[in-house]
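Taking full-length UniProt numbering, the leading residue of the sequence shown gets 1, the next gets one more, and so forth.
Simulated from the structure, these hints should not be mistaken for laboratory data.
You may find that some hints are simply not true.
Stated by the list, open to error - Distance windows between CB atoms, simulated:
| no. | residue 1 | residue 2 | range |
| --- | --- | --- | --- |
| 1 | E3 | D250 | 18 to 28 angstroms |
| 2 | A232 | D167 | 35 to 45 angstroms |
| 3 | L235 | P107 | 37 to 47 angstroms |
| 4 | D159 | E98 | 17 to 27 angstroms |
Claimed, not checked - Computed list of lysine to any residue pairs in SDA-like fashion (alpha-carbon distance at most 25 angstroms, straight line):
| no. | residue 1 | residue 2 |
| --- | --- | --- |
| 5 | K5 | S37 |
| 6 | K5 | G35 |
| 7 | K5 | E200 |
| 8 | K5 | G216 |
| 9 | K5 | E74 |
| 10 | K5 | E228 |
| 11 | K5 | E215 |
| 12 | K5 | T135 |
| 13 | K5 | D113 |
| 14 | K5 | P78 |
| 15 | K5 | F253 |
| 16 | K5 | G241 |
| 17 | K5 | T243 |
| 18 | K5 | D159 |
| 19 | K5 | V104 |
| 20 | K5 | A100 |
| 21 | K5 | A201 |
| 22 | K5 | L240 |
| 23 | K5 | G60 |
| 24 | K5 | I90 |
| 25 | K5 | L213 |
| 26 | K5 | V111 |
| 27 | K5 | F38 |
| 28 | K5 | E44 |
| 29 | K5 | G254 |
| 30 | K5 | P262 |
| 31 | K5 | G129 |
| 32 | K5 | P214 |
| 33 | K5 | A141 |
The structure displayed is predicted, hence computed values, not measured ones.
By construction, the Cβ of each residue, glycine as well, lies at the ideal position given by its N, Cα and C atoms.
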Amino acid sequence: MPEQKLNPVQGGPIWIDLSTHDLDGAQRFYSELLGWSFQDGGEEFGHYHTITHEGRAIGGAMSSLMGPDGPTEEPNGPTAWTVYLRTSDIAATVSRAESAGAQVLFPPMDVSDLGSMTVLSDPAGAAVGLWQPGTFDGIQAAAAPGLPCWFECMSTDYDASEAFYRDVLDWDIARMGEDEAEQSEDAPSGVRYATHGAGEAAAAGLCEAASFLPEGTPSFWRVYFGAEDVDAALLTATRLGGTVLDGPMDSPFGRLATVADPQGASFQIIQAV
1 MPEQKLNPVQ GGPIWIDLST HDLDGAQRFY SELLGWSFQD GGEEFGHYHT
51 ITHEGRAIGG AMSSLMGPDG PTEEPNGPTA WTVYLRTSDI AATVSRAESA
101 GAQVLFPPMD VSDLGSMTVL SDPAGAAVGL WQPGTFDGIQ AAAAPGLPCW
151 FECMSTDYDA SEAFYRDVLD WDIARMGEDE AEQSEDAPSG VRYATHGAGE
201 AAAAGLCEAA SFLPEGTPSF WRVYFGAEDV DAALLTATRL GGTVLDGPMD
251 SPFGRLATVA DPQGASFQII QAV
């Protein structure tokens, strides 16, 4: 799979980051598994770390034990990956989002001259970030081993999610037919699946997940990372303390699996060659 750039479309993924209870442990895990490097932004940025792969920025990482006033005894959130969607006007998007039933989890804030960010809970309960770029335009490389390859919302209320991302984030909803839905990554047959944009222009996916997620599981966004050899990557992940939650399995998009890192943040690994 040749390396690509993300589609810079409104409402498309632009950034990802990891909030973790053990930042040092997460660095050891992902550095060996995916070949990442972590650069500490220092006190000015609350020791937010930029994740790079071969010199290109692909995400961020931060300690959930770090608050605005310094270290905290209790985590300020779960260990999890967050997907950020592109917006050209964060204030207007947040206003529309609240009118559509979303809740603001972290109010909009400027990050130096790099851009502005916020985190919302969409009407179906999935946490999702927004990023309005300033001097920083987000993920610099994608769709290759060690890089983000795909992003999708696993929704327990598909209709609410589709309406929200269409009306608030300007998604160009391309609904997949039943046969295509059966081929959409690892989604079970018969579920509804849509993408933001069609074909090669697709930027992200939306999956009707209520029928197969464990009862009580909230909606969530997830990230797929590329690997040259999924089975070898899973052996490495488990050796490093990770857990294989599902798979591996073959799909029309490549072999894939669901993994949790040693701190519990889940993600997908997909063949990317």
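Here is what the structure says about each hint:
no.	hint	in the structure
1	E3 / D250: 18 to 28 angstroms	23 angstroms, holds
2	A232 / D167: 35 to 45 angstroms	43 angstroms, holds
3	L235 / P107: 37 to 47 angstroms	43 angstroms, holds
4	D159 / E98: 17 to 27 angstroms	19 angstroms, holds
5	K5 / S37	19 angstroms, holds
6	K5 / G35	19 angstroms, holds
7	K5 / E200	12 angstroms, holds
8	K5 / G216	36 angstroms, violated
9	K5 / E74	37 angstroms, violated
10	K5 / E228	19 angstroms, holds
11	K5 / E215	36 angstroms, violated
12	K5 / T135	17 angstroms, holds
13	K5 / D113	23 angstroms, holds
14	K5 / P78	29 angstroms, violated
15	K5 / F253	18 angstroms, holds
16	K5 / G241	31 angstroms, violated
17	K5 / T243	30 angstroms, violated
18	K5 / D159	30 angstroms, violated
19	K5 / V104	29 angstroms, violated
20	K5 / A100	31 angstroms, violated
21	K5 / A201	11 angstroms, holds
22	K5 / L240	30 angstroms, violated
23	K5 / G60	17 angstroms, holds
24	K5 / I90	23 angstroms, holds
25	K5 / L213	31 angstroms, violated
26	K5 / V111	23 angstroms, holds
27	K5 / F38	21 angstroms, holds
28	K5 / E44	29 angstroms, violated
29	K5 / G254	19 angstroms, holds
30	K5 / P262	29 angstroms, violated
31	K5 / G129	20 angstroms, holds
32	K5 / P214	34 angstroms, violated
33	K5 / A141	5 angstroms, holds
In this structure, the hints that do not hold are numbers 8, 9, 11, 14, 16, 17, 18, 19, 20, 22, 25, 28, 30 and 32, in rising order.
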